[in-house]
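**Q** Each chain, written out:
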Amino acid sequence: MTSLSRLARPLMASKASVATAALMLWLVLAVWAQLPAPLRDWLALPCWLILLGFCWRSMNEQALLRRRVWLDQYLQPDAPFHRWLRGGILLRLFNLVVAVLLSGYLLVKMLSLTPSTWYLLLASAVTFTLCLSVFERGLRPYIQPSRLAPLTRRLALLTTAGVLILSYCVIVIYTPQPLLIARELTEALALHRPPLADNASLLMMADQLVRGSELFGWWALQNSLGSTSSGGTLSLIGWAVLLLSGAAFLWTWCHIMQGIASGLERAKV
Amino acid sequence: MKGKITPLKMRLLGWLLLAALLLAVVLAASRYLAEQSQQSPWVAVILNQQTYHLPRTQLPGLAEAFGQLSATELANLEQHLDSWTEAALATTFDKANTGIDRYLDWYYSMPGSYMRLLFALQSNLDELTSQKLTTYVLEDSGFGDALTNFGADYELALVSGLAASGQRIAAQLERGLVAQTTDETGSPQSILDLDTVLRLSFTPSPQDVQRWQTSAATTGVVGAGAVAMLTYRAVAPRLAQAGGSRAAQRAILSFAARLAPRTAAAVAAGGAAAGVAAPSGPGALVVGGIMTSVTLATFVATDFALLKAEEAALRPGKEAGLREGMQHMEVELRQQLAAGQAEVFNLLGQQLQTGLDEAWGAAGEQAQFHILGPRS
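So the sequences go chain by chain: C and H.
Per numbering that gives the first Met the number 0, the first sequence starts with residue 0, numbered consecutively.
Per numbering that gives the first Met the number 0, the second sequence starts with residue 0, numbered consecutively.
Chain C on its own, in the form it takes in the complex (with noise of 0.2 Å):
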């Protein structure tokens, strides 16, 4: 039984790997943040390398098993329509622009986060286990073993990020911002963003932007308020800055824990 339940798909790694994988790349990132200057700015390559990996590994997954689903759907299985549309090079090296930038961003995030995102991110881990755990015992009578493991995780990603998102939400609203009522944007930015030193290095000024993204939102968001004359449109932008950024991190955050999934289940941990 239990050989021919391998033969017939693919191996689910275990819950307890993904969940101690997932903490451990968390934990290096947090201290990685934590790090002096210098020393950070040299481990920064090594963690994009990291990142990037699982990040692009979810998204090929994920991005070939639609390709592949799209095309049993219509085309017999010898077609060489099948053969040429199934993804290759090209899809993976678009995904690959994708990873680079979302994972780069989310790197760059990691040196602005308050505590309480920290520990959002801690519980997106454990969340992110339990519905790998939940689904797959739900899921497996009624899905095409060949399909399981990566519906599971497709599942599972959107359920924790959906989670994740929705309390991230919670959080921007409850989490004070530095008052910016009333002063020009440039103003808020020299005063609420440490100024660049001048050896600054690429990953300093990253985080700059990113921080001034962030006080746009706020600043945005702050002098909309009760403002007539924006008639509405500079607070739609602070709210889409503030949220969309934030969502684009966490999505990013829930591809690389389903790359962490993917890769040890390739792994066959």
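Pairwise CB distance ranges, derived in the manner of DEER restraints:
| hint | chain 1 | residue 1 | chain 2 | residue 2 | range |
| --- | --- | --- | --- | --- | --- |
| 1 | H | ALA27 | C | SER244 | 17 to 27 Å |
| 2 | C | SER244 | H | ARG30 | 16 to 26 Å |
| 3 | H | LEU11 | C | SER244 | 28 to 38 Å |
| 4 | C | PRO45 | H | LEU16 | 16 to 26 Å |
Now the stretches of chain C that chain H is said to cover, found in silico as 3 or more residues with beta-carbon under 8 Å:
| hint | segment |
| --- | --- |
| 5 | 21-30 |
| 6 | 113-122 |
Simulated from the structure, these hints should not be mistaken for laboratory data.
Remember, it's a predicted structure, so these values are computed and weren't measured experimentally.
Each residue gets a CB set at the ideal place from its N, CA and C atoms; glycine is no exception.
Guided by the hints, dock chain H onto chain C, whose structure is given.
**A** What follows is chain H alone, placed relative to chain C:
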């Protein structure tokens, strides 16, 4: 080979969870400590739309300098406004005194006299005198206009004086800040916004002025409409009272008193002429005409003389009464203005103090904006 949950893995997971929690605690503690130690180095002082980095140790000195400067400036401004009010009121009431002279001229003129008689017979002499008083003293002399403009002028003087004071304070403080400021580029988390304090205290908005008006209660010192209209409305009846509007009966009696000797003189003059000429026939008509003319002319001349005599006898008293009434009003207005001004400067001082306290309080911690959640 399927991954099983082995005791080893569980233990590893447990250790990792523990480590994560530990790190989370350390993280929170380090953030807390960082926030606490933020108190030390720099404060960003905003003045004249420029940011100066000031060592935190200099903050109390700056507060003291600000307090002294603003107290001096406010005291100076109050003095300046006092002398301004003095001069403006003197000019205004000079106009009223000219008006009083004009009114009395009319009062003791022949047309005035007869008009008074006419209105007295219709028993609405009071109406006439108060109307004439309004015309001569309030309207034609420019006294009323001056009163109407006084409120607006006062407000202008106050607001421009305040603005100038604010600028002087800012300039003075800026000189001090430039000397104390450092080139060091720390990251000042707390902000001391002197611009806002100065703007709130030294650039009153229309709402502020309105608030002062209501706060300065009944008098309504500052502000165009209030004082002027109040005073204007109060002036006319007061003038009538002070100007001694005579009861109609007394006017008629005084006229009658003049009438008796007047008629006697006139008839006597006419009779003398008749005795000399005593014509008859058509000449009698001429002589009668002449006699009538002589009688009338004598009547008028006598009446004029008597009127002038009455003027000589009564005008100084009447004038003194009117002037005293005016003076009384001036004193009262001055008192009201002084009380209102004191109230406004009291409010200004409070506003400044509140602004300072808030600004210095905010320099201690970062001002925050809350969408939801507790405000600490």
